[in-house]
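Visitor: Assembling the complex is the task here: the two chains are given apart, and the hints tell you how they should meet.
Chains as they are written, first to last, in our numbering: chain L, -18 to 897; chain H, 122 to 184.
Don't read these hints as lab results, they were simulated from the structure.
No residue lacks a Cβ here, since even glycine has one placed at the ideal position from N, Cα and C.
Hints are not guaranteed to be accurate.
[To be verified] Simulated pairs of lysine-lysine, BS3-like, Cα-Cα distance not exceeding 25 angstroms:
no. : chain 1 : residue 1 : chain 2 : residue 2
1   : H       : Lys126    : L       : Lys76
2   : L       : Lys795    : L       : Lys743
3   : L       : Lys76     : L       : Lys270
4   : L       : Lys76     : L       : Lys570
5   : H       : Lys126    : L       : Lys270
6   : L       : Lys70     : L       : Lys316
7   : H       : Lys126    : L       : Lys665
8   : L       : Lys703    : L       : Lys795
9   : L       : Lys795    : L       : Lys710
[Unchecked claim] Simulated coverage check for chain H against chain L, where a stretch passes if three residues somewhere in it have a Cβ under 8 angstroms from a Cβ of chain L:
no. : region
10  : 123 to 135
11  : 140 to 153
12  : 165 to 173
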Amino acid sequence: MLQGPVIILTSFAYLGLLFAIAYYADQRADAGRPAIASPYIYSLSLAVYATAWTFYGSVGRAAIDGVGFLPIYIGPTLMIALWWIVMRKILRISKQNRITSLADFIASRYGKSALLAGLVTVIAVIGILPYISLQLKAVSASFWILVQYPEIALPGQSGAMSMREDTALWVALILAAFTIVFGTRHLDAAEHHPGMVAAIAFESLVKLLAFLAVGVFVTFGMYNGFGDLFARAAAEPRLGAMMTPLEGIAGGYAGWVWLTILSMMAIMFLPRQFQVTVVENLDERHLNKAIWLFPLYMLAINVFVLPIAFGGLLRFPDGTVDADTFVLTLPMAEKREWLALLVFIGGLSAATGMVIVETIALSTMVCNDLVMPVLLRMRRLRLNERADLTRLLLGIRRGAIVLILLLGYLYFKLAGEAYALVSIGLISFAAVAQFAPVVLGGIFWKGGTRRGALCGLVAGFAVWLYTLLLPAFARSEWLPIGLLENGPFGIGLLKPLALFGLSGLDQITHAMIWSMLANIGSYVGVSLIGTPSAQEHRQASVFVDAFREPGGARFWRGTASLPDLYNLLARFLGAAVAGDAFRQYAAAKGRRWPEDALEVDAELVHFVEVQLAGAIGAASARVMVASVAKEEAPTLEEVRAIVDDASQAVIYSHRLEQKSRELEAATAGLRAANERLQELDRLKDEFVSMVSHELRTPLTSIRAFTQILFEDPEVELEQRKKFLGIITKETERLTRLINQVLDVSKMESGQADWQAARVDLKEVIGDALTGMSQVFEERNIRVDVRLPERVPPITADVDRVIQVLLNLLSNAAKFCHPGDGRIEVELARQGPALRVDVRDNGAGIDPADQSVIFDKFRQVGDSLTDKPHGSGLGLHISRQIVEHYGGRLWVESPPGAGACFSFTLPLDLAAAPRAA
Amino acid sequence: MNERKGQRFIALCMLGMVLFNFPVLALFNVAGTLFGVPVLYAYLFAAWAAMIAVMARLAESSD
Chain L
-18 MLQGPVIILT SFAYLGLLFA IAYYADQRAD AGRPAIASPY IYSLSLAVYA
32 TAWTFYGSVG RAAIDGVGFL PIYIGPTLMI ALWWIVMRKI LRISKQNRIT
82 SLADFIASRY GKSALLAGLV TVIAVIGILP YISLQLKAVS ASFWILVQYP
132 EIALPGQSGA MSMREDTALW VALILAAFTI VFGTRHLDAA EHHPGMVAAI
182 AFESLVKLLA FLAVGVFVTF GMYNGFGDLF ARAAAEPRLG AMMTPLEGIA
232 GGYAGWVWLT ILSMMAIMFL PRQFQVTVVE NLDERHLNKA IWLFPLYMLA
282 INVFVLPIAF GGLLRFPDGT VDADTFVLTL PMAEKREWLA LLVFIGGLSA
332 ATGMVIVETI ALSTMVCNDL VMPVLLRMRR LRLNERADLT RLLLGIRRGA
382 IVLILLLGYL YFKLAGEAYA LVSIGLISFA AVAQFAPVVL GGIFWKGGTR
432 RGALCGLVAG FAVWLYTLLL PAFARSEWLP IGLLENGPFG IGLLKPLALF
482 GLSGLDQITH AMIWSMLANI GSYVGVSLIG TPSAQEHRQA SVFVDAFREP
532 GGARFWRGTA SLPDLYNLLA RFLGAAVAGD AFRQYAAAKG RRWPEDALEV
582 DAELVHFVEV QLAGAIGAAS ARVMVASVAK EEAPTLEEVR AIVDDASQAV
632 IYSHRLEQKS RELEAATAGL RAANERLQEL DRLKDEFVSM VSHELRTPLT
682 SIRAFTQILF EDPEVELEQR KKFLGIITKE TERLTRLINQ VLDVSKMESG
732 QADWQAARVD LKEVIGDALT GMSQVFEERN IRVDVRLPER VPPITADVDR
782 VIQVLLNLLS NAAKFCHPGD GRIEVELARQ GPALRVDVRD NGAGIDPADQ
832 SVIFDKFRQV GDSLTDKPHG SGLGLHISRQ IVEHYGGRLW VESPPGAGAC
882 FSFTLPLDLA AAPRAA
Chain H
122 MNERKGQRFI ALCMLGMVLF NFPVLALFNV AGTLFGVPVL YAYLFAAWAA
172 MIAVMARLAE SSD
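Excised from the complex, chain H in its bound form (with noise of 0.2 angstroms):
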């Protein structure tokens, strides 16, 4: 089971370095804003805090 684990959060790290990174960076980085704040900062701010969540749930899972 630690096996998968691993992988896992193997997979979830190369997840974010797709979303924190070109081209996906340059995808967002356009004028306009999301609820007042540039759409540039509230993505990486959101996909920031999603991949946190998942973690926690990874690392706080039993198996």
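Looking at chain L on its own, in the form it has when it is part of the complex (with noise of 0.2 angstroms):
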């Protein structure tokens, strides 16, 4: 029964039903009527990541490894366990901003560089290559061994290389007339294929249940259930192994890891995978029941693998059939005809779908990011000056399709044959797996900068032609396979396979390493070096601060007209679809379009060019709507709201604080400082009036005397005698009293004169109290003085030392006890200098004062009732010379023990003298 004729008339009238769905949703939806509006279609579409490979290729894995494949779908459960966080934030950005693509997501964020999207493209276009050639191999070569019935032969062992390479172009050239069909009948301004979305989702419910169906039958129709099944494989020798299986596995636990990584990222950066999940997602609620749908699909999908695949071994033990091909030649052996067929047609399912959606999505890219931007800029072309381009889009997109699939067919010629399904299906997804870092650190991290991301894709995606696409064709022998052994020129360093001496690792995992190395490496090195634009700035902020920002509208500025706007969308979307928009942003107005006159505002040039990026992708539009609106350099303003937003206003934050504190150290030092002028200014007023005063005391009675002598020449001579004594005297007061300003001002601005050598202390002690002795005489006061028998010299100015002493022992003798007066003097050595105590029996000094008493003018009791008993300056003095010499004077005065004034001056002053 199952002749080629008949398979062929199947897949037709399969490929028919498809179409008759598509077209069915693609009439619901024109109609306002979605029907694919459910979050289980959605949940269904995305599982378009299970392909020929899933189906397949899963088992032919298996059987090598056991549970070897089994990250390439727990990656992705683990992955979408984020999606609530990830891809929530990728669906809001891509809907504000009609994203249509991966490549208009990375570039947009990145400045809507053009550059950025056609390197994308590129890399999605090369990596996605093996991918479908993966899809075209698998397909036909079921189709060849399904023909073969009853025989069980396998493609490349008979001469039939040929006919199958044959029968892979024909799948190709029939999935492109289907994918054109499918994808490319009309264009949408946000790329939503409705009746692709419902022919995809149809295709996963049936390869779901054909590979349910053959599990069944192998597990229990075949054997008695799964317990039956794994005790037989385990009684093998050969088998037996695999039950424990992880340290077999290739690259052992570092290969299970990174495969897990990979396929994470295989799951979100699959350009397919994009498609479905985030440009045709319908609303962002359905996402909360894709988020555990679509891994349990994964699951029911893999839970018959290990049972198939051992039980291909068990039925196949002489290794003649290739496992990649259990799941048909199961059936086949077993003489199921009609379960082979739908396995067939489960197959093509898994197939088709992939090469659908990927290619439309290819075609896209290439179409918005690669073909379009040149045209534009082709001035020769005219192109802005063409009524209608809605056909041209549609011909380049179905151009792209047909080019891409016949590149897919070249792979799978040159490379395909010498790899498993699993082995080319991961090249792609190492390809893809090198957009993770642009894509989430885009979102996330507004420091990445285009530059960042250009040289990021670059190297990474160097690294993977390099480690994976080279040594691909190498085997297949386009290339010399000594390339592999000895490396390029014979460098041992730089092969493919063990790049800079890391061997040890399976191929996939060696690439990854060295790729995302260099990838992430010189994304965040290149963009932490440079800085980002004006553009990049906003496009970070509109990315980053998705759940936050509207809209990106209130960035632009600029002048533009009506006509030439509606127009503009017209050329590229078509008369019809253009004015449907400009109705509906009217409506949202609250007015009339093209009755009433729309304001030509910002908000209405990023729709329009929203609008036009979902049909040519955000740089492209970008660069259209530039030339019909004049745009204006960011103003301040602009520049303000960037520099607004959140992380900017930290850093800002940040340094204000920074600075204010600085202030206010700044401030404190000068409140300080200002204190402290006043505080000399006043101590300045109170010295000169001080001083004022301390002159006009002695002049007061020196003129009272002298008028007195002056008026009256009867005065005796007694009395004469007297007058002139006390003037004499307040003379030699006024004398002392000048000096001692006088000293005091030379000493405080550093010019007083000091007279250097040795002295003997003992001697000028007793100098002093020979002077002292008539004063101590007249007020009766007895003087102790307790002197050593020899004292070392110290080096000084013996009047600057008779000076001090003179003014402790006058103050002493005036403030001892008035009747019963007693001075003690003492001289003694205190370590490395000598101390000098005068102690008197007086009333000592409160404890308040005795800080004060040697400022200048600082004289203890009330200065209003009490007479003064000095100048105020004589204990200032003598601190100064003290301390000038490194001593110290001060005093102790315990409660009605008297006052003792005590100083030391250093024996070694030649290294210590301080200036005053």
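Guide: Here it is as structure tokens:
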């Protein structure tokens, strides 16, 4: 029954059914009642992830290393656990900015860079080619095997190669035609393909049912359930090891981990996954169901992989049948024709689903991000002036679809035979994984720049080409195999499979380590070195703050005319679609179009750009809008708006905080200096008034007595002598006071004249006491002197030291007990200094006053009522002198025991003199 | 509330990374069967199913 024509007829009937479903869904959508607006259809369409690789290849991989195929499905499950954070954000960003492809997304994020869009497209197309070739290989192989029924023969064993290649070419062409009919019937501004989504969802159901049918048949038809199957397999010595297979897995645990990571990225960044997950998404809330339904689908389609693999290994023990074909060959070997046909249809579903979505996604990218930007820049074509470009756009897309499938076929012819299905697919996974840093970095990190993204992608892609694609060609003998074994030009360090000597890893792990290192390193490094432009800055804000910003409209400033904008849209989308768009826009504003004039503001221009972006990509749309709307350079307001964004604000506020702290410190310093100045000013005033006061007292008495003597010549001689004595004494006091004031000012300005000589302090004390003896006698004061036998000399100015001593002694004489005065003078050696104590038995000094008596003009007691006993400068000058020689002058006055003034003068004065 | 939901998802993903990685996997990489299924296979599918169940609960929760 299973002859070629039957199979071909069934296949076409199936494709026809798919087309009918798609047509119905498109009609419903055009009528405004979309049939696919359901989270279940959305979830099923995501299952386009499961391709012929899953359908045939998983079993092939499982037959080699047991659970080695599982990371490819567990990885996505782990990633989807993060979708609620990551994918929701990508969805929001894409809807706000009318993103229609992965290239569009990346280019848009990094300042709408056309160059970046083109680069992403090239990487995606080249990276996906192996994957497409895998589908062609699977479909043509399964067809070829099925045609041989009832024989079980394998392609490659007989001389069937050319016939198979022909089959693959036919498959490629038929799929191209089918995809063109599906995906490029008309142009939709949002790149929505409701018909395609419906067909894909249906195909997901078919392939799941077909696979489960084989699984159930093998497990429960050929064997008695899981237990029986596994028990029999375990009994086989060569299969027993596969029950604990993890050590034997390619690359060991490291290989397992990298495969998981790789699949986590693939589920996000395969162009077809981006297409169904992001571009075709109708409602953000559908994600809530997809988050668990899609992983559940993957779990279901994998449950029977191991049983089928073991069933196949048991059924074909001699290893003549390729494990990649067990799904098909097992029913055939058991003579289940219908089941085999169902399997073929299931495999066809898996392969066509992948090819359709992938090529539509890629053709959109090729058209919008590669061809159109170039055409629009070629002024010779005058595209800007063409009235209707929709036909051109569709033509480019159709051409791209055919070209991509033919390239896939070419890859299959050149390199497809050397690898198993899974290995081919993983090469593509590794290629799209290169998008992960720039996309994930782009939506969570504002620092990423256009240059950084370009460098990261180029570096990662270059390593991928060298470590994965090159070896694939070398193995197929299209390149010399010596390249792999000895490295290029015999340089061992550059061997593509052991770059820089890193060996002992499986090929994928090895390539991922180096490419991710190059990619992330370049992306982050170059981003940090450079500074982003204003355009990159705003796009970074729009993307990273997607949940905060209302949209990108507020950034545009410029002038444009309404007809220009309308004509622009009509040229690319057609007059009908453009009219609809304008009507909708006007309705949202509560106006009618074209009856009412619309205000040409930033919002309208942004609206047109976003509509256009849907058809020709963000980068091209920006160029086109700029051609009719004259955009002005960013103003201060805009720059401020950019600066407004959170991270900048935080940095600025940090800086502000720091600045204000510095200011505070400076202010405090200034305030202190100001207070000190005020204090000094006050002291100066005080000083002047004190000095005047002190001068006036003796002057007053001199003047009074001279006046008496002058006016009354009759004054007796005795009286006259007494008056003249007073005048002399007051004059002396005046002289002394003036000398002291001069002393103070000299010392304070550092101009004092210090003579240095060796001084015997014992002698100096003796001289001072002799000088004071008159005073002591007059007041009847007893003086006790305790001097040591001999003291070492000090170096000082004798007159100054005497000045200090006289001052202390006269103070003691003034303040000692009035009736029974007693003064003790003591000299002693204290460490490296000599110490002199002058103690009296007076009233002592109040503790509160002890610290101030050394200040200028400070005298203890109430200055208003007490008659001053001196100038108030003596102690001040004494302290200045002692401190000049590195000594110390202080007072101790225990209550009721008199005051004791002490000072020290260091012996080794050469080392310690200090400026006064 | 959204923030907490996000944190729960992140925690779940991290838990998954631990469950499907060395050394936890190595613990189950032993001979023997569970209901007739080799231990490692039974563990992988059971843990996977459990994880999906938690994801379903989290994703469909209102907060």
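Visitor: Each hint should be assessed against the structure and marked as holding or not.
Guide: Results for each hint:
Between H:Lys126 and L:Lys76 the CA atoms are separated by roughly 23 angstroms; this keeps the pair inside 25 angstroms, and the hint holds. Simply put, L:Lys795 and L:Lys743 have alpha-carbon atoms about 23 angstroms apart, close enough for the 25 angstroms limit, and the pair holds. For the suggested pair L:Lys76 and L:Lys270, the alpha carbons sit about 19 angstroms apart, so the restraint of at most 25 angstroms is met. About 20 angstroms separates the Cα atoms of L:Lys76 and L:Lys570, which keeps this hinted pair within 25 angstroms; it holds.
Note on H:Lys126 and L:Lys270: the hinted pairing holds, with a Cα-Cα distance of about 15 angstroms set against a maximum of 25 angstroms. Of the supplied pair hints, the one linking L:Lys70 and L:Lys316 is violated, its CA atoms being roughly 51 angstroms apart against a limit of 25 angstroms. Between H:Lys126 and L:Lys665 the alpha-carbon distance is near 73 angstroms, which puts this suggested pair outside the 25 angstroms criterion. Restraint check for L:Lys703 and L:Lys795: the C-alpha separation of about 23 angstroms stays at or below 25 angstroms, so the hint holds.
Distance hint between L:Lys795 and L:Lys710 is fulfilled; the C-alpha atoms sit about 17 angstroms from each other, no more than 25 angstroms. Taking a C-beta to C-beta cut-off of 8 angstroms, the region 123 to 135 of chain H contributes 6 residues in contact with chain L, enough for the three needed, and the coverage statement holds. Under a criterion of three residues with beta carbons nearer than 8 angstroms to beta carbons of chain L, the stated coverage of the region 140 to 153 of chain H is upheld, 8 such residues being counted. With a cut-off of 8 angstroms between beta carbons, the region 165 to 173 of chain H has 6 residues touching chain L; three or more are needed, and the interface restraint holds.
The structure fails to meet hints 6 and 7 from the earlier list, while all remaining hints are met.
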